[in-house]
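Asks: The chain contents come next:
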Amino acid sequence: MRIERELMRGAGPVAVLKLLESGPKYGYELVTSLAEQGEGVLDMGQSTLYPMLYNLEAQGFIKAAWEEGDTGRQRKYYSLTPNGKKRLANSVEQWRALAKAFAGLGILEEGKKSRPALGGATS
Amino acid sequence: MIRKTERQTRSWKEWWDLLNRTPCSEVFRGHLSGSLPKDRKWYASITSLFNRSVDPSSILKETGLSEEVRKSILQIARSAGSSRRVQTDYLREFLQSLRLVLKISPEQQLADLPVELADRLSVAVPLRALDRLRAPGLSLVHTLPLELSKLIESVVRATRLWKREKVDVARELLNHCEDGLAAGVLPEQILAAFGDPFAAARLIRRSKIRQRSRLWHLQHRMFLGLGCLLLFTFFVYLWLLVRFLTAVPTIKRDFIGEIDRNSQAIPEANRAWPLYRQALMKLKEGPIGELLKKDTPLSILKPGSPEWNPVAIYLDQNTDSLQLTFAAAALPDFGFIYRDPANRDFLETMSGKGSYDIQIASTHGLMTGLFLLHVQELRRLFRLLELETIAARDAKNRERWVKATGAMQSMGEQLSSGEFIIIQLISSYYSKTTWRQFRRELAEDSGMLTDRDLQEMAHRVAGYAGGGRLVQRLDTPMFFEDLLQRFYTDDGHGDGRLNPSYFAVNAVNGKSWNTNSRIAGMSLSLGEKLQGAALSGVVASRSELRQVMREIELLEAQEAEKPLWERTVSQPSPLKEFLMKWHSSPWDRLRYAPVLKLFQPLIDAGDDWLASLAASGEYTTLHRDATLVAIALTLYHRRHHEWPTSLEQLTPGLLPAVPLDRFDGNPLKYKLLDGHPLLYSVGQNRLDDGGLPATDPSKGDGAPDGDLRFWPVD
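Going down the list, the protein sequences come from chains X and C.
Position 28 (the first sequence) corresponds to 28 in the working numbering; numbering is contiguous.
Position 300 (the second sequence) corresponds to 1300 in the working numbering; numbering is contiguous.
Everything hinted at is true.
Restricting the straight-line Cα-Cα distance to at most 35 Å, the calculated cross-link-like pairs of lysine-lysine (DSBU-like) are:
#1 C:K1166 with X:K63
#2 C:K1166 with X:K76
#3 C:K1166 with X:K86
#4 C:K1071 with C:K1061
#5 C:K1150 with X:K76
#6 C:K1166 with X:K85
#7 X:K86 with C:K1163
#8 X:K25 with C:K1150
It should be emphasised that the hints constitute simulated quantities derived from the structure, not laboratory data.
Using the sequences and the hints, build the whole thing.
Replies: What follows is the structure in structure tokens.
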């Protein structure tokens, strides 16, 4: 299921920050992780991902560096900055509060089994 | 070393991959083609591309490529730029890639090279050009499918970012595509998942710009702000320009027409000017003519002296003019009509052909440019009368003297109600000159005049300009109203904006041939139009100027009511003070430019002649009062055969009261000097110098030192 652009604007950056929490990643890696761990909801193409990454970099939440990858080719790896970590923590708190509120309204089902968190870390 | 069988079985893609892994040094050892001479030949061909003056098409001929491919490649090279150097550089890049491909694919004959391969390389080369300068780690060529290469190239180009930013984005997008292909994703799937390329370019641009430094953002905002300000200024200016050029004045008052109507209301038989005109037309100039045109004091001409001979001839030749002048002076009103066609011959005789048309045109333009030739020429008749007076006095011909001085006084009286201050000043001059003649005769008291003559003289002098204290008001309100109605539009509520007539009128001589501002607007130069538009945005409005002029008028009225001893004539007049205050401030010079244009001569003049003009009424009053005292003294002397010791002795019988010295507010100064009366005023310096004359008596009332002596006449 694809979500609306406005929702993606809020959710996309949080998802990317969460993925980077586990370590530096490059663009294609982020796209595939979002597709797999987001159950297809957070699918995004290059035209969405890279502007988002550049915005996060401009805001100081992530930093980028060209490094040689396993194929010998140079890739741009993104990693979380301390500000990014704070921002992620803040966003996660807000999303959880939102989820709780939605659960109270009956929008979300309560007691749903927790899934593996994005990036591999368990919540 | 690559074996022949391998070359035959590998696809071009595989050979590209092989090339990416092969160091250049191996290439030059002939390890790609298996033939060193061939590799060297190709290497030489590559280096020959450094010769930038070589024609790209001749380079291509050496490659042995088919004509179709050569055309395609040449087209690609020519699209890189218009100069041969740019094309050659591009071709060098392109052929370098192409030759390496040919070397690893020996089974592909030159003629077999597909055009599509050339097209593919055409996309790769621009990307590689980005890479060449900044990213040495990027692959020499990319093996992406053509559609993906084109997509990335178009997105990167559409971002319109700085070069290094483009390289960064290109590298990242290329890597993403290659990662996708490496993971087994089909090119079509990558393409579909990319999204809208132009939206992507826009978003990438926006987000990349956010990454630029704060200094850049600050500069960018400043430039944007400046640009907005310039754009705003441009539109405001455009609006002002249209507003200015479409402004049309409404001439509601024809001041000259009003003056003419007043003159036309006078019965023709009572109008003196037609007779004066005839007198002037008949006036014969002689050797004395030049003398009379200048301000030569006639007192130097004494009957009986050799200098008097031409005067006698002049008087003799101009008897007709003299008689006509007497007849004119006997009429009650001057009656000059500015737009009278009867003046044509007179004007063209005095000032040349075409001067009548100039006169008429000046009556339709700004009043500051009005020609007053009639007043200027009238002076010749006045001087004729002066000479007649001197001759009559010498001949002790009472009748002739009374007639001449009477005509002089009448001329002054006729002009005293003149519509312009310049005419009123001329009236004052004529009157003071006449009274000086009276006092000169009275000082000698040759017995030519009877007591009755003296009494009638006293009545006439006392009645000048209605009698009483003379208050001289300026005529600036009329000129100012005329200025406003010509330079400004009229919105019907007392306000208006500047119109092109401001430039069409030369305020120095007031020439304006067009009162229609549309015509005036079209005749303006481009500079005047642009200047006018800017000026119209800052200049004071019609209502503002009128308000200011009302304040000035009030100040002037208050000043005019003050007696001379309460004013310091050396101080600037209220009008000049206002004008100088405006003139000293650059902003005010802009705001009040229309008024300053009108009064520029006053600003430029070192002296404040307006202050002197405003004081002229007081001077005339002083001269008149002194003449009355002189008449009273003469009558007293005739009755008592002695001079009074003080002026109080003349009251109340011969004088109602002792007149005041207008300069100090005290009674006029009188004393007996060697048994003879001396009547004087303290003058400009307000100090009683005991009747000592000024160092330069020719300065008259304005002499800065000494006393003003009325009797005897100097």
